[in-house]
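Peer 1: If you read the protein sequences in the order shown, they are chains A and B. Using the UniProt record's numbering, read the first sequence as starting at 1 and increasing by one per residue. Using the UniProt record's numbering, read the second sequence as starting at 1 and increasing by one per residue.
Heads up, a few of these hints could be off.
Given that identical chains are not distinguished, each listed pair holds provided it fits within a single copy or across any two copies.
[As the list claims (entries may be wrong)] Dumping the calculated EDC-like pairs for lysine to aspartate or glutamate here, alpha-carbon to alpha-carbon at most 16 Å:
1) Lys124 <-> Asp198
2) Lys3 <-> Glu28
3) Lys52 <-> Asp198
4) Lys188 <-> Glu162
5) Lys2 <-> Asp255
6) Lys69 <-> Asp38
7) Lys124 <-> Asp92
8) Lys20 <-> Asp60
9) Lys52 <-> Glu194
Hints are computed from structural coordinates only; laboratory data are not their basis.
Number of protein chains: 2
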Amino acid sequence: MKKPTILVVNDDGITAPGIKSLIEVMQEIGNVVVVAPDGPQSGMGHAITIGKPLRFDKVDLYPGVEMYKCSGTPVDCVKLAVNKVFKGKKPDLCVSGINHGLNNSINVIYSGTMSAAVEGAIEKIPSIGFSLDDFAQDADFSHCKKFIKTITLQVLTKGMPESTLLNVNFPKGANLKGIKICRQANAKWAEDFEERTDPYKRPYYWLTGVFENYDKGEDTDVWALDNGFVSVVPVQFDLTAHHAIPVLNSWDFNDMAVKKTSGADGQSLG
Amino acid sequence: MKKPTILVVNDDGITAPGIKSLIEVMQEIGNVVVVAPDGPQSGMGHAITIGKPLRFDKVDLYPGVEMYKCSGTPVDCVKLAVNKVFKGKKPDLCVSGINHGLNNSINVIYSGTMSAAVEGAIEKIPSIGFSLDDFAQDADFSHCKKFIKTITLQVLTKGMPESTLLNVNFPKGANLKGIKICRQANAKWAEDFEERTDPYKRPYYWLTGVFENYDKGEDTDVWALDNGFVSVVPVQFDLTAHHAIPVLNSWDFNDMAVKKTSGADGQSLG
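The task is simple: from the sequences and hints, build the whole structure.
Peer 2: Structural data, given as structure tokens:
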């Protein structure tokens, strides 16, 4: 088999230990190209940079690895990689991470790590995001490596279902029980803002919060991680709530609604 | 009926004409509270501000409207509104926009306007995002108003299906044919980066792109807008690709996979 070409991205920035660990695993599998933010971009979600220009420069951090840093968001990095590095000849795989901190449950939507992988999938590149339950700069990623290699080789062998990517999260610590395929738990952040006063007597606010899980299912990523498993959630970027289409078609829009054409969701009401 | 309390947000910034139009419609329906970015935040997706603090100040722009500006993202605005303005006593509705520019199809994922509405829905507030196919600062929003009022009153009367919000897009111009309930079209941006050279001879890049629609369905938002309809797409924030769970459970993870627990997606393989 020809060695696959693998794009590696992240949101913690190109010098983060997490991306170094991911590069090391990917070097065992294929030819690695890294395009990563020049600094931390955590919590950037699916942001793109449209109001200002981007810087994009080749760097030389690790032997044998083609690397670029970018002033923009994780999603910008994927777009720059596709357009400026691969020039339309797509890589065989896009991996993002390893994130310093979990991206399970609702965190998938705030995460720059996962949004980079989502962008890879939008570009029809098989894509995986990896995250570890440890925010520390010196987090130990060593126990993740064999799982990352196995999951990555399965994706390269089997191919991803259409318009789908993987969200892989690791508990902290070495005693992992195995891999569990999950759904995203129904949970959210109960946010709080810590108010402080600057030296000029003006208030400012730090976003903080507590993660609240409303989901008792044993088929969720939260349950899997709480119980020592590696969670693997298939993720999609069609955000349509298909089940709600018939409901909306039953609403009363004062004769403004047009229902003559039939659709893919069975709402043929003509 | 008690007048509803309505949170109005956007991503074009608190002084944008689009939010002024939306405030005018909402004042006909309820008590309006505005929390909006202090400047443009287009393309910010679901970004939140975690690496730096936020500024958050009361402003007085329009008579009879309680208004706050925030230095952060559209999603930050919703979080600040819930925590600092409503103090946990949620508003009856969250509306976002009117965006200067479409947020149909895949744009839902890049859009600050839609991400603010998604955040409202995560907070269990009935939420709607509105966008017009006109990027101009002096865009004419007048033809959108009667549709916005009708849709908003239906949401307040009927309530939203659980964990669902609405993505409403308007064509430019006054001759609208009506409202059409749609799904998100399968489309993407074919990006390009325009390279320029700064006065110091260093390159920089502007993100540009062409919207490519791969979807011939007449039940999509792209089709509806192309044919003069107001598109209404129900949107969800559970990103799980449920259909892919059985596929992944059939993969070979070198005995690392644990399949003993049954799940909500019928992958009981124990």
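Peer 1: Indicate, hint by hint, whether the structure satisfies it.
Peer 2: Here is how each hint holds up against the structure:
1. Taking CA atoms no more than 16 Å apart as the test, lysine 124 paired with aspartate 198 passes in neither setting, with 47 Å inside one copy and 34 Å between copies.
2. For the identical chains of this complex, lysine 3 and glutamate 28 are intra-copy neighbours only, at 10 Å inside a copy versus 63 Å across copies, given an alpha-carbon limit of 16 Å.
3. When the C-alpha separation of lysine 52 and aspartate 198 is checked against a cutoff of 16 Å, the pair qualifies only between copies, where the shortest distance is 13 Å, while the shortest distance within a copy is 28 Å.
4. For the identical chains of this complex, lysine 188 and glutamate 162 are inter-copy neighbours only, at 15 Å across copies versus 28 Å inside a copy, given an alpha-carbon limit of 16 Å.
5. Taking the closest pair of Cα atoms, lysine 2 and aspartate 255 never come within 16 Å of each other, the shortest separation being 60 Å inside a single copy and 26 Å across copies.
6. Taking CA atoms no more than 16 Å apart as the test, lysine 69 paired with aspartate 38 passes inside one copy only; the shortest distance there is 5 Å, against 29 Å between copies.
7. In this homomeric assembly, lysine 124 and aspartate 92 come within 16 Å of each other (Cα to Cα) only inside a single copy, at 10 Å, whereas the closest approach across copies is 39 Å.
8. In this assembly of identical chains, the alpha carbons of lysine 20 and aspartate 60 lie at most 16 Å apart only when taken from the same copy (13 Å versus 50 Å across copies).
9. Proximity of lysine 52 and glutamate 194 under a CA criterion of 16 Å is satisfied inter-copy only: 12 Å between copies versus 30 Å inside one chain copy.
Of the numbered hints stated above, those contradicted by the structure are hints 1, 5, listed in ascending order.
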